[in-house]
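Which chain is which? The protein sequence lines are A and B, in order.
If you use our numbering, the first sequence closes out at 325, no skipped numbers anywhere.
If you use our numbering, the second sequence closes out at 536, no skipped numbers anywhere.
Watch out, some of these pointers could steer you wrong.
As the list claims (entries may be wrong) - Below 25 Å or equal to it, Euclidean Cα-Cα: the simulated SDA-like pairs (lysine to any residue) are: (1) B:K399 x B:N374; (2) A:K46 x B:M429; (3) B:K126 x A:Q67.
What the hints assert, rightly or not - Across the chosen pairs, the derived CB separations fall in these ranges: (4) A:S96 x B:K480: 53 to 61 Å; (5) B:W364 x A:R283: 46 to 54 Å; (6) A:P48 x B:N374: 28 to 36 Å; (7) A:T210 x B:E199: 53 to 61 Å; (8) B:I308 x A:L303: 38 to 46 Å; (9) B:H174 x A:F60: 18 to 26 Å; (10) B:E144 x A:L299: 37 to 45 Å; (11) B:H184 x A:Y68: 46 to 54 Å; (12) B:G107 x A:V157: 23 to 31 Å.
As the list claims (entries may be wrong) - From chain B, some residues computed to sit far from chain A (all C-beta separations above 10 Å): (13) D90; (14) V132; (15) P166; (16) H174; (17) D183; (18) K208; (19) D234; (20) D244; (21) D291; (22) G388; (23) E411; (24) R420.
No lab work stands behind these hints, which were simulated from the structure alone.
Quick reminder that beta carbons are idealized off the backbone N, C-alpha and C, glycines included.
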Amino acid sequence: MRLEYLGWRVFYSFLAFAISITFTFILIHAMPGDYLHVILPSLADKNPLATELFEEQFGFDKPLVDQYVLYVINVFQGNWGYSIQYGQPVTAVIISKLCWTMIILLPATLLSILIGVAIGSYSGWSSGSLADSFIFKIMIFLGAVPSYWWAIILILVLGFYLGLFPLGGYMSVRALNEGLSYYDVLYHAVLPIVALTLAMVPGVYYLMRTSMLQTVGQDYILTARCKGLGELKILQHHALKNAMLPMVTMMAIELAHTIMGSVFVETIFSWPGMGYLTYEALRVRDIPLLQGIFLMDTLIIILANMATDFSYPFIDPRAEVGKIG
Amino acid sequence: MTIKSSAMGRAFGILFLSFFVAASFIGNVAADSGEDPLVIAASSSFFTQGNVLSKGGVPTGSFAYEGLIARNREGGYDGWLAKSWESNDDASIWTFHLVDNATWHDGEPFTSEDVKFTHDYLKKKKLWLSSVLSKVDHVECPDENTAIFYLKTPFSAFLDSLSHCPGIGIIPKHIWESVDDPDHYADDKFIGTGPFKFEKAISEQYVKLVANENYHGQKPQVKEAILKIITNKDSQILSLRSGDVDVVSDISPAVAKSLIGSQGIDVSVVPDTRGYELGMQCNNSPTDNKDFRNAMAHAINRERICDIVFDGYAHPTMTTFLMPVVAHDFVNEDVPGDDYGYDLKKAKDLLESAGFLDSDGDGWREGPDKEKLNLIFVIQGNGADASGRMAEVLKEEWKQIGLDVKIKLTESEQYSEERRHSNFFISGMPYLMHDDADDLSHFECNSYFGQKNWYDFSNQRYNELNEKLRSIADRDERRKIGYEMQEILADEVPSVPICSADLIFAHRSDRFAGWENLTPLYWDVDTKMLLNLKRA
């Protein structure tokens, strides 16, 4: 990897971040409505003084350019502002929600990758077989069902009718007296994880199956067969490794997306993660919080992309990042 | 491959089984807890986010804080931290006599200094909530139990401002005087004077409140109340059915019907909590035509709306804006007579006499200028709520009189603007906006801060009466003025009453009793309701 390329990559990432900050700022400020009109529409409608004071209180009365300059300076100084709703630093609010999102989305992402890769590679390897056809149809069905439908069905069947799992939340009421229990959190996390995994598996499956189909036709697979290697060995040592390459990018992006959370699943399970936080911040027009959330999203996506780029030479020694031709 | 696959399958099977067993074990333990407290399903942990001043008043829903007075449904006010109050003749000086045995949750005594401090602090910090007190010049405390508000101008609706929408909660001076920056202050104690003390919270999950044994008023019989945050309404209902929560507020009529007959669950109704009207834009054609508006007043089948939209949980209303069940003698019973009666023939006749005819024979009426009518009915949201469904029913109804209406759905943030460019909209407001002559200011030309009203309605005499009403404290005088204002509204018809809808609660009757005669201020379980409850 060339140092020059590394420098340019970092520079472009910084540029992307700066552009994103600007766009985010413009888009968020272009949205109609404000916090006061959402929480107290009757007061805001009837009493413009309330709006005037509100804008003065949170600095929205300043010219937009001044707000932007101040915002950019603050962001680069590590001050992402205070949430109107929570009265806390935006970063503190985001980090606390991010932890809860990670508890369900990280296992769901990893599980979906594991299951998707396993089933996808098998399906691609045995392309055209009855099993492949069956799995493919199942995956089409799974892919067509939205995550919130799974969430509702899981709550109804496993939570309500069978009583095996809680109906939502991340802790049982006894936590108020006994404090946090990791088992309790895990127990509450099961259904959201299952719902998310079911919704995410088809995407991984399709990519892995396609990638495997391309690999199966390669000359080195034919060579391996000619050498008399067993099918399992060819799959494990030759096909899978090569078919996995496109998955690296997908895994990085999928993991980066986890921080955005899942609005529907989090809402249905009353799971206080990033998805629900974003939805709420958008609903009540908590502008500093919204800006912080989008900034964090951008930052993580950029970092994930950089990490993918830089990790390629380690995964596939043939790939040389930054070298053309 | 086959051997490996089956081994993997077995491993997955064992893992799944182990987890299933572990999960079932934890589930059993969890089910044993939470017998004593009253568990209330809440849609958000709004109460514990930030601090009390960032939330906009504390009418009755915070449980921990109190205001000076609270609005009741009998047309008056209940004492809260004030036991009595009076004003001078022109409603410019308001004196509150405070309860003498109230203490803050940390044991400090409550005094009139806290009332003065609340006013001064809001103004000093220029918090948006201080706009509620903008008419107050200063507050004086002649003794520990008296607070006198001196207003800049007479304001008869001052008690309304103090009590709701959003109202002013009193904050403790000894705590807040050290809070320099209230915008960036996340409270974690919530020290108030209310009947319940904040004990602890689990972020976005539970808020635990315990009864305040030193409460100055009626002491709560429920010793512990827990707000359980369940963001989805359907999940709240499932939690009620499974026994995880004891009460769910503001449920839909369809859900209420599905719960009737469920073991251990009762459905209670608070009648007439929301008033719905058909609003008309008086500046846009053809609703700028008074005769057209008059015709529309006869084209509303209220019974049908109550049945279809509210499943019977609503009652037709025929009085001009104010609702008799809460506004009592403020309602002028003599207006509008039968001018709002459902009569499509009369509506057609009125339209025809006003020049709205189907001149080209296509089945739809044109305007007096022979131009096609462009009727817009603007609805906030996705149209799935009561307003949207009412608009659909009315659209169908109005086809019979040759009017083709387009329903336009709009986001809440753009609704105010879209309303200005429409012809029809549904005005749905809590009963608190229909319970006093002061609420008629809703139709004043420029309201009292210079903004146009929702209807672009303007009537000089009406504005004069409203100005007069604002400066008179005497109830009889105010009632007379209100009567004349209602006569003008009935004549001009900027809006037509449709119905008043009920608020529906579902609760576990096998655990708690005292759900009768519920009168929450808004739509959630509030302090007043909690004080009535006891174990079944």
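Could you tell me which of the numbered hints above are not met by this structure, giving the numbers in increasing order? 5, 8, 9, 10, 11, 12, 14, 15, 17, 18, 19, 20 and 23
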